[in-house]
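> Sequence:
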Amino acid sequence: MGRYYCGDIEGKFLFSIQSSDSADRFGVIGQPPSTLIYSFGTEDLENVENELRKIIKKFGAKFFKIRKFYLKNFNCEQLNKEIKHEDLSEFADLKLGFQIRRCLILNNYCEFEAEL
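According to this note's numbering, the stretch in the sequence shown is residues 94 to 209, in order.
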């Protein structure tokens, strides 16, 4: 069980950590009703890259600790002890942002639907 996004990019939202509208922060607002539809074009690349820089800057020195934690399997108990919920949510959004950026660079557009 979980919420997914699919289209030009695909993945799964981090359960109870990442919102379905996470891609909104990269400059395009998802269009409801039952799913959020995103359509990024080359004109959005600058917004995506600016938001990625903001997230990375916010992490500072703890970026690599969070990345290591995110890449391994973890449970809620570990989450509460080692990494703040907000940091993990930001890292999940960072991953999504890099997917959008890569898709834009390769295809000049990026379209996907996010389950609500």
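It should be emphasised that the hints constitute simulated quantities derived from the structure, not laboratory data. As the structure is a prediction and not an experimental result, all values here were calculated from the model. Any given hint could turn out to be false.
[Unchecked claim] Simulated restraints on C-beta separations:
#1 97 - 195: 16 to 22 Å
#2 132 - 157: 30 to 36 Å
#3 108 - 202: 26 to 32 Å
#4 114 - 146: 19 to 25 Å
Glycine included, C-beta positions come from ideal geometry on N, C-alpha and C.
> Please go over all the hints and tell whether each is borne out by the structure.
Structure-based check of each hint:
The hinted window of 16 to 22 Å between residue 97 and residue 195 holds, with their beta carbons roughly 18 Å apart. Evaluation of the 30 to 36 Å hint for residue 132 and residue 157 yields a pass: the beta carbon distance comes to about 33 Å. Checked against the given bound of 26 to 32 Å, the beta carbons of residue 108 and residue 202, roughly 29 Å apart, stay inside it. In this structure, residue 114 and residue 146 meet the distance hint of 19 to 25 Å, their C-beta atoms being roughly 21 Å apart.
Comparing the model with each earlier hint shows no violations; every hint is respected.
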